[in-house]
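4 protein chains.
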Amino acid sequence: MPAPHLRPDHACLIVHGKDQPGIVAAVSALITRNRGNIVAFDQYSDDPTGGAYFQRVVFHRPDLAAALPEIRADLESTLASGFDLQWSLTDQSTPKRMAILASKQDHCLLDLLWRHRRGDLPVSIPMVVSNHTTAAEDVRSFGVPFFHVPSTPGPDKSASEARILDLLAGNVDFVVLARYMQILSPEFLERVGVPVINIHHSFLPAFIGAEPYRKAKERGVKLIGATSHYVTSDLDEGPIIEQDTVRVTHADSAAELARRGADVERQVLSRAVLWHAEDRVIRHGNHTIVF
Amino acid sequence: MPAPHLRPDHACLIVHGKDQPGIVAAVSALITRNRGNIVAFDQYSDDPTGGAYFQRVVFHRPDLAAALPEIRADLESTLASGFDLQWSLTDQSTPKRMAILASKQDHCLLDLLWRHRRGDLPVSIPMVVSNHTTAAEDVRSFGVPFFHVPSTPGPDKSASEARILDLLAGNVDFVVLARYMQILSPEFLERVGVPVINIHHSFLPAFIGAEPYRKAKERGVKLIGATSHYVTSDLDEGPIIEQDTVRVTHADSAAELARRGADVERQVLSRAVLWHAEDRVIRHGNHTIVF
Amino acid sequence: MPAPHLRPDHACLIVHGKDQPGIVAAVSALITRNRGNIVAFDQYSDDPTGGAYFQRVVFHRPDLAAALPEIRADLESTLASGFDLQWSLTDQSTPKRMAILASKQDHCLLDLLWRHRRGDLPVSIPMVVSNHTTAAEDVRSFGVPFFHVPSTPGPDKSASEARILDLLAGNVDFVVLARYMQILSPEFLERVGVPVINIHHSFLPAFIGAEPYRKAKERGVKLIGATSHYVTSDLDEGPIIEQDTVRVTHADSAAELARRGADVERQVLSRAVLWHAEDRVIRHGNHTIVF
Amino acid sequence: MPAPHLRPDHACLIVHGKDQPGIVAAVSALITRNRGNIVAFDQYSDDPTGGAYFQRVVFHRPDLAAALPEIRADLESTLASGFDLQWSLTDQSTPKRMAILASKQDHCLLDLLWRHRRGDLPVSIPMVVSNHTTAAEDVRSFGVPFFHVPSTPGPDKSASEARILDLLAGNVDFVVLARYMQILSPEFLERVGVPVINIHHSFLPAFIGAEPYRKAKERGVKLIGATSHYVTSDLDEGPIIEQDTVRVTHADSAAELARRGADVERQVLSRAVLWHAEDRVIRHGNHTIVF
Numbered sequence: 001m002p003a004p005h006l007r008p009d010h011a012c013l014i015v016h017g018k019d020q021p022g023i024v025a026a027v028s029a030l031i032t033r034n035r036g037n038i039v040a041f042d043q044y045s046d047d048p049t050g051g052a053y054f055q056r057v058v059f060h061r062p063d064l065a066a067a068l069p070e071i072r073a074d075l076e077s078t079l080a081s082g083f084d085l086q087w088s089l090t091d092q093s094t095p096k097r098m099a100i101l102a103s104k105q106d107h108c109l110l111d112l113l114w115r116h117r118r119g120d121l122p123v124s125i126p127m128v129v130s131n132h133t134t135a136a137e138d139v140r141s142f143g144v145p146f147f148h149v150p151s152t153p154g155p156d157k158s159a160s161e162a163r164i165l166d167l168l169a170g171n172v173d174f175v176v177l178a179r180y181m182q183i184l185s186p187e188f189l190e191r192v193g194v195p196v197i198n199i200h201h202s203f204l205p206a207f208i209g210a211e212p213y214r215k216a217k218e219r220g221v222k223l224i225g226a227t228s229h230y231v232t233s234d235l236d237e238g239p240i241i242e243q244d245t246v247r248v249t250h251a252d253s254a255a256e257l258a259r260r261g262a263d264v265e266r267q268v269l270s271r272a273v274l275w276h277a278e279d280r281v282i283r284h285g286n287h288t289i290v291f
Numbered sequence: 001m002p003a004p005h006l007r008p009d010h011a012c013l014i015v016h017g018k019d020q021p022g023i024v025a026a027v028s029a030l031i032t033r034n035r036g037n038i039v040a041f042d043q044y045s046d047d048p049t050g051g052a053y054f055q056r057v058v059f060h061r062p063d064l065a066a067a068l069p070e071i072r073a074d075l076e077s078t079l080a081s082g083f084d085l086q087w088s089l090t091d092q093s094t095p096k097r098m099a100i101l102a103s104k105q106d107h108c109l110l111d112l113l114w115r116h117r118r119g120d121l122p123v124s125i126p127m128v129v130s131n132h133t134t135a136a137e138d139v140r141s142f143g144v145p146f147f148h149v150p151s152t153p154g155p156d157k158s159a160s161e162a163r164i165l166d167l168l169a170g171n172v173d174f175v176v177l178a179r180y181m182q183i184l185s186p187e188f189l190e191r192v193g194v195p196v197i198n199i200h201h202s203f204l205p206a207f208i209g210a211e212p213y214r215k216a217k218e219r220g221v222k223l224i225g226a227t228s229h230y231v232t233s234d235l236d237e238g239p240i241i242e243q244d245t246v247r248v249t250h251a252d253s254a255a256e257l258a259r260r261g262a263d264v265e266r267q268v269l270s271r272a273v274l275w276h277a278e279d280r281v282i283r284h285g286n287h288t289i290v291f
Numbered sequence: 001m002p003a004p005h006l007r008p009d010h011a012c013l014i015v016h017g018k019d020q021p022g023i024v025a026a027v028s029a030l031i032t033r034n035r036g037n038i039v040a041f042d043q044y045s046d047d048p049t050g051g052a053y054f055q056r057v058v059f060h061r062p063d064l065a066a067a068l069p070e071i072r073a074d075l076e077s078t079l080a081s082g083f084d085l086q087w088s089l090t091d092q093s094t095p096k097r098m099a100i101l102a103s104k105q106d107h108c109l110l111d112l113l114w115r116h117r118r119g120d121l122p123v124s125i126p127m128v129v130s131n132h133t134t135a136a137e138d139v140r141s142f143g144v145p146f147f148h149v150p151s152t153p154g155p156d157k158s159a160s161e162a163r164i165l166d167l168l169a170g171n172v173d174f175v176v177l178a179r180y181m182q183i184l185s186p187e188f189l190e191r192v193g194v195p196v197i198n199i200h201h202s203f204l205p206a207f208i209g210a211e212p213y214r215k216a217k218e219r220g221v222k223l224i225g226a227t228s229h230y231v232t233s234d235l236d237e238g239p240i241i242e243q244d245t246v247r248v249t250h251a252d253s254a255a256e257l258a259r260r261g262a263d264v265e266r267q268v269l270s271r272a273v274l275w276h277a278e279d280r281v282i283r284h285g286n287h288t289i290v291f
Numbered sequence: 001m002p003a004p005h006l007r008p009d010h011a012c013l014i015v016h017g018k019d020q021p022g023i024v025a026a027v028s029a030l031i032t033r034n035r036g037n038i039v040a041f042d043q044y045s046d047d048p049t050g051g052a053y054f055q056r057v058v059f060h061r062p063d064l065a066a067a068l069p070e071i072r073a074d075l076e077s078t079l080a081s082g083f084d085l086q087w088s089l090t091d092q093s094t095p096k097r098m099a100i101l102a103s104k105q106d107h108c109l110l111d112l113l114w115r116h117r118r119g120d121l122p123v124s125i126p127m128v129v130s131n132h133t134t135a136a137e138d139v140r141s142f143g144v145p146f147f148h149v150p151s152t153p154g155p156d157k158s159a160s161e162a163r164i165l166d167l168l169a170g171n172v173d174f175v176v177l178a179r180y181m182q183i184l185s186p187e188f189l190e191r192v193g194v195p196v197i198n199i200h201h202s203f204l205p206a207f208i209g210a211e212p213y214r215k216a217k218e219r220g221v222k223l224i225g226a227t228s229h230y231v232t233s234d235l236d237e238g239p240i241i242e243q244d245t246v247r248v249t250h251a252d253s254a255a256e257l258a259r260r261g262a263d264v265e266r267q268v269l270s271r272a273v274l275w276h277a278e279d280r281v282i283r284h285g286n287h288t289i290v291f
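Residue numbers (UniProt numbering), protein chains in the order written: chain A, 1 to 291; chain B, 1 to 291; chain C, 1 to 291; chain D, 1 to 291.
It is worth saying that the hints were derived from the structure and are not from the lab.
Since we're looking at a predicted model, the values are computed, not measured.
To give an idea of the chain D side of the interface with chain C (calculated C-beta under 8 Å), a few residues: (1) Y44; (2) A206; (3) G220; (4) L223; (5) Q243.
Glycine residues also receive a C-beta, built at the ideal position from the N, C-alpha and C atoms.
Build out the structure end to end from the sequences listed, making use of the hints.
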């Protein structure tokens, strides 16, 4: 995976739909006639005899911004009309706007803020929203706005969710749940209108739901893990972006599992965020294609 | 973990029971007064304020065989009577006798036979039993007896299980299921009287039961794994000895997952077998302590 | 990496040379006009502003064999003449012919033979050549010819190397040194005329030369590794195809390092052989691009 | 490895010297007669027939502080006089004082400060010393004093080293070089009088010295690594405490290697610091025993 810096005059084109002969040729001819030079090309068909087709192309094109409307029109007529494919084109000089939702645990939150400051994540961070105030000072020391939205007591989260939706509306391109300990309602997920990425502190599908480290200790596993996935209305069942594991022993308490798992969580989440921000991840049903 | 070769005049002592002050001192004094010199010592308490205590000691003692009755009497009076602890003592110059049960898939079976021939497993292999004949020639080329016990059709496995129990009775110290595709009945497990070690082709507790690679493909996981565990009457729920994982991608078919998983399976199983053969694994409820 | 089986009517095209705009478009148009459908496409430029360009395309083409001369002529005029690029085209229904050279250690040798028998390596194995006779029976039990070529005593290896060259000439597409303990002369490497792949039992460039496990023990490393590389006349300095490591501790003797390293060696070598056999590896100076 | 919190009334005893029969019995009897209860016990002999012996025992003893002089006297007469062994005893309720030396790169520095704030490192941090001012504000936001000691230009570092020695003298129990880019003189190492731990950004002994990521890119390795070791006057040759590796590809630039390596560096260093702080690491010549 190349360096994540924002690249002027580079565009990323995602194409997917029904596999058909000639897609690669059509896409590359289109890029060539629009004076682009391909710098990265990934392609995948889940069934060469007629399944789904996925493609990611990064190309360099001088004066990209001026040319975008023309390129988009060409894509629409060539791919959408000609091949019945879906496509999206993003300008890689524009960072995606990422909101972070967090609770008391700050390791994933601080890790993202710090990677962003180092220039390792091609995103902007317009806000952190938390149902606790503990991280406010830390977040603001990174120059990032912090909003405290207390969780509404009781099962009806609609008031606090409405407040969060107000903050997000129009301001963000995706949301990251950095160990956010509230379950978002299906209504929230429908209304938020942007992808939501979660980090779950187990190797899914093992230990779905609450307290996975305690459950891992009870089951006596020899590895623990973490999973980053897109959030859907099925808890911990959304498309997996990235996972990893680390070795533990009988001597590790549940608290020690949590301590060691924290390292895996922040690495897995940071890779998922990076890949999403670089348009490397395509959702397909409950799966992801990661180029 | 030191080299697994059989070691003359070395004994392995396992002690477990309720944690109490003075166990280490009592055990080490016992070994010293029986003219043993400790070469490896591992100890674990699951709760220092009064939980369960586990200890593994390997000691060298000239003329061990002659001294064993005396040492055993001393252990019985010191540990069993004095501390109410359970103990077992094995002579490390005597290989454990391992039977292998297999079906059509031969990768775990052949891997164990190879490692044994290389001198990497401190066991003897008195027999391989399979419900298929495909591996007969390979097994016998290693100088190991092969017995074909066809599975009884229908849900009642008692006839074939009885045949297997006849073969095993008195001849083996533990049994390894090297991708044996029959579910053993609770009656079999009760009557077999020796530990049974299985390799399951998933990272348990994910993908319990049949066809874990197909399920892994359907869930879209980014790692696959394998788990070796002691067999209990709860399918895939016994105490875990060892696990490992390997990275896969969206491009890997279920068949490719099976091909890559086969490497993890044989490594995980060979480690579990080695550790069991070296008396490194202590069962405690549904957990294992692996020293 | 998809399944390694031989695929009828599939061709693999490798293209490399100076990066220029329009290569992807030209190649994909060429495949389309020759009635091929692209099933895998990988591309890499080491410097988008004008470095070296590498591409691997697998395409399906009904009646491929009959069409190959025409496709080759088109490649020659389009890529070689038009773009000054190098190309090679292989028919993926034809297995590469792999000779294995071995010595006394048999773990890498047997692992390759066994993977081949399982259908996991898309190669044929016309011969195993060894300077010892120990593995003869094992090799022949896999239906593979075994030739014993004793090493010539003294520094001049020319007699035994000449004998090996006679056996290989015209019969093999690549050679694998599966822990072959003789250093091949520059003359041999020049005359053999096919790629030679070695497995070195260390994480290169650490512990070049003889006895890497002893050196690893002396240095007190906490991981050991293995490296598979193309052989050049600079000992252990050729282009690396694949590497891996495994954790060890202070308690592991040099013999134990060798035992555990054997597992890493056979995995690393088998991956390197698979990727070479699938035309996934492109050499570029002292580097490899692995698609 | 159990949780790293400071534990009142727990002592850690390290014993090493020439292996002799009866050491375990003598040590455990000593602890028992001093009313201690052993909670962890690790032991290693590098040669059971008469090599070096290493032991780490953690025991709980009510009113430990009051009993320490008596226990120390017993250790001196029993182990030093009786067995000619070296020993050290530390009170595990007292954190070790750790100074951090850093330069411009802040990832290892900030990682240690974060882990400390989370309670994951049983140390106190009396100071950070840097030859740059960039991290001053960050460091002080953790409540840790920051001292700027500019590097003396030219080969003679004695002025800046003298300044650093003044700051450290009497105030610290060990020093961590968190990507400190100055080579410390043998005189400094002699005068500092406490262990110095470094993180090197390669898998030693590969890529000793400057710019290991550039060298790794040039060699074309498929894994990069990091190594934490005690500093000696031989650059990058001191006893290794911990190492790890991560997979890279041909597509990763040297800058990308550095970015990904940063994650490995901070994990490897944090583990080395934790184990040193918990008295798990014993130096023996150029090796470490890590319990």
